Amino acid sequence: MPISPSEPPVPPEYDLAIVGAGPAGLSAAVAAADLGLSVVVLDAAAAPGGQYYRHPAPGLGAARPEALHHGWAAFAALVRRLGRHTGTGKVRHLTHHHVWTVERGSSTAWTVHAVTGPDGPEQGRAAVTSRALLLATGSYERQLPFPGWTLPGVVGAGGAQAMLKSGLVLPGRRIVVAGSGPLLLAVAGSLAAAGAKVPAVVEAAGYTAYAGSPRTLAANPGKLLEGAVHGAALLRHGLRPRTRSAVTEAHGTDRVEAVTVSRLDRDWRPVPGTGRRIACDALAVGHGLVPQLELATGLGCATHRTPDGTYALALDDSQRTSVPGVWAAGEAGGVGGAQLALAEGELAAFAIAAVSRSAVRPDARRAVALRRTRARLRAFAAVMAAAHRPGPGWPDWLSDDTDVCRCEEVSAGEVRAAVTDLGAHDARTVKLFTRAGMGWCQGRMCGPAVDCLARADSHADADADADADADADAGPDRRPLSCPVPLAALSRPAALSGPDGPPRS
Amino acid sequence: MARNPVELAGATPEPSFEITMDGRVLPALPGQSIAAALWSAGILAWRTTRVNGRPRGAFCGIGSCFDCLATVNGAPNQRACLVPARPGDLVTTQEGHGRADLAV
Amino acid sequence: MPTRHSLDVVIVGAGVVGAACAYYASRSGLSVAVVDRGSVAGGTTGAGEGNLLVSDKEPGPELDLALLSTRLWRELADELPPEIEFESKGGLVVASDEARLDALSTFAAQQTAAGVTAARVPADRLHEFEPHLAPGLAGAFHYPQDAQVQPALAAAHLLRAARRAGALLCLGEEVTAVLTGPGGAVRGVRTDRGELSAPAVVNAAGTWGGELAALAGVDLPVMPRRGFVLVTEPLPRIVRHKVYAADYFADVASGSAALQTSPVVEGTPSGPVLIGASRERVGFDRTLRVEVLRRLAAGAAGLFPVLAGVRVMRAYHGFRPYLPDHLPAIGPDPRAPGLFHACGHEGAGIGLAPATGLLLTAAIRGQRPALDLAPFRPDRFSRRGPDSRRGTGRTRGPERT
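Chains A, B and C, in that order, give the protein sequences. Here the first sequence stands for residues 29 to 533, where the numbers follow my numbering. Here the second sequence stands for residues 141 to 244, where the numbers follow my numbering. Here the third sequence stands for residues 39 to 439, where the numbers follow my numbering.
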């Protein structure tokens, strides 16, 4: 007989389990609770907000957290509503709960498994059960390697922003900001506002790419305003982004001392002879965001390639994934920003309430307005994604001895040899042959680059057009464990829910 | 214009406390992660890699990249960007896997 | 569709078994093509731990195959580059109590008579072999012939050597038909890109071997038996041998569909410790089952308490290709002249690959193979074939008490 001790008791503890307490998860949680559902929110952080609304811990006594954020008022309002619902027990917010997998218990119940507590010897394990599941797992930053990118002082653009927002710290005094995507402007503006010198903002794409979609731009005055605010902030600090350029090397021995910025051609190939050295003590770099999908793909949710080359969940008009009982909102369905995530979270809550035992009907007019907002912002996100999609020539700035995989220290030369000598034509096979992507981060840092190198080099001797479609089917990386799990905790049965038990409804 | 992040956020932190990095005593503010406290002191690297012995510190800043692994109070492989600093924490540069004591 | 090549052999499957067949066939002078709808080591090979074991096999045809393979792997370790990570690490089979140790002793004595080297390790010497082993175990047997390779790289380097001997590698190309001529003799395969003509077609499709056999109009009941592996954070060498509990034998030999787990623990040159082994018959279900992982973790911490203090970084699963009597299908298929099988090795495919490749090459060339292939006859499960469904309740290792 199959054993089943990990299957949940019937009935599930909650109507809805939400993974992630960023804009999408919070928005969904308060909307679902408003509609009468019992909700549990699991999130790895100590406080709500996710990456976007990361903010200083109370001990730092920040009187003006809004100085580091756009849309702080919306967040503050959400947190107040969340507080009311947690007060009445309609919502339970489990902080320091990093969800590592979700299991289907039976056709109508999910078991959400989490590692509890920050890294360290006291980490434990917990599980909750629910009827419906909403994945609001957000994204992480896409990195493209270049010589010197492993030097201390080279940090993710989003990483610099996160450390600034939560810890009120900077990686250096003179920080070059580089990569691609709208986040760069926000990061450069914040760093400069926080007192750093920003000698250059380096953008690989050309902003002219936006000009091809005037109607989408005109329909998004808010987004333009956001860009203009960043632009104004940059001007105030005397900064103008250099477009069609990239940091093609970071210099230094034990930490970064300077970078080389080169012009790029249309395909992002460095133009020979255009390299200029810029002294700095830190570099904040990133190439947009990658939806965090491992929980969804573990459950078999369908995905699709987005215009920026990443994968996102395939969702219907109700934010439903291809797996019955599983919804998603925010960046997991394609990177689109906090405003879009807020709208999608609420729409998902409406849809879940409609199929749950909720007695309260969602406001139909609000749903119409939210759908309109979503359509407008998704269209804008698509334009943005296409504009910042990495050009096929970027690997030209890699030297063979550049480490592509930071964890396992696998060089570009080793990856290329696996492709040309051993017949690896996809990221998974490269990983098996070289260990690129097998380390602690599970390929989150090197995955996009390895994927590119495996396909680019294998295309050299095949007809590239014919293979393009096949590549689209490769799918996102699979990570059955979305974070490391202490073996001792894994070896024990998970306690269902926590000491407080589920909320009473 | 702010001269530093604390000024920008209008922060009046609670009193700082001390942590130790390889014997060097550093101040940390309540609510800061280990990585934030180290950055404040100008320290950008606190481990060496397993294969080539290269220095590394915080990179992604959100717990995804695991580059900031630190040995804190003797326990290796803790993400310094996520683990809150606590008074008296002893941080030591982590060499490779940080588990040399287990080798047979 | 174009016929691109005229070949001696088309091998379907670029896992380690297909790679070994390609290696020995091409080096014997045959012109070979290897076709796989996926990538090199994209199936069970890439999900394996790379065990080359004699310790878990009872005297009989599979042990003979394993002993031959053990010799061949040692030759290959000299010929192929060090990247295949061949490690002659030895196995250590531990018994938790006296009854299990007695059963293990009897089993080891039978193995020794069949050519296996096995030495008893008393309880008070266990820690010389494995310093981190849990206290209180009754004893163990040490099998110095057991070894390990990195299976994906082993397959890749076998194929690379085969390509240097002239073999053609067709990846991302799916076989859609097995072509037959007048009289039913196999004359090649059709793929989604064209035709490959050859008088011999080798079914090295592993867990999917039944599907390929069906394309040739014959039945081969290969079924998936799922296994999970836990991968720890990188560690220094804390486990020297392949270490497993004597209970493992009973699980391997069982045909039960229910979940079975028994701890199997080993270190790797790159640092992580690999933890197995689970067996379930759940078809090709890819969803993770937490209870399986829980049991693997508990079993590993039971053998090596030190592991309780580390983190599991990854987990993965694979589908072992198994046939009802737990023996592979190796050799010509009398039901379809020109069709050869080399699949169904269950969890032992990495270990048994070289012997399979060598014996199959001899069969293709019409030579007498070094071992009798009768026990591996591919038609042994069909109604007209030798009656082997009955009386093959083969058990491996000591009976559990």
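Keep in mind that a hint or two might mislead.
[To be verified] Among the chain C residues that face chain A by a calculated CB cut under 8 angstroms, a handful are:
1) 172
2) 197
3) 199
4) 209
5) 350
[Unchecked claim] Over 10 angstroms on every C-beta distance to chain B, these chain C residues come out as not near it, computed from the model:
6) 212
7) 269
8) 275
Simulated from the structure, these hints should not be mistaken for lab results. Please read these numbers as outputs of a predicted model, since none were measured by experiment. Ideal Cβ placement from N, Cα and C applies to all residues, glycine included.
Here is how each hint holds up against the structure:
With 8 angstroms as the threshold, the beta carbon of residue 172 of chain C stays out of range of chain A, its nearest partner Cβ sitting at about 13 angstroms, so the hint is violated. At about 7 angstroms, the closest approach between the beta carbon of residue 197 of chain C and any beta carbon in chain A falls short of 8 angstroms, and the interface hint on this residue holds. Using the Cβ-Cβ criterion of 8 angstroms, the hint placing residue 199 of chain C at the interface with chain A is not satisfied: the shortest such distance is roughly 11 angstroms. Below 8 angstroms, beta-carbon pairs count as interface contacts, and residue 209 of chain C has one with chain A at about 6 angstroms; its hint therefore holds.
Here the hint on residue 350 of chain C is kept, as its CB sits about 5 angstroms from the closest CB of chain A, short of 8 angstroms. Against the 10 angstroms criterion, residue 212 of chain C stays outside the reach of chain B, whose nearest CB is about 36 angstroms from its own CB. Every CB of chain B is more than 10 angstroms from the CB of residue 269 of chain C (nearest about 14 angstroms), matching its label as outside the interface. Chain B draws residue 275 of chain C into its interface by the beta-carbon criterion, the shortest separation being 6 angstroms against a cut-off of 10 angstroms.
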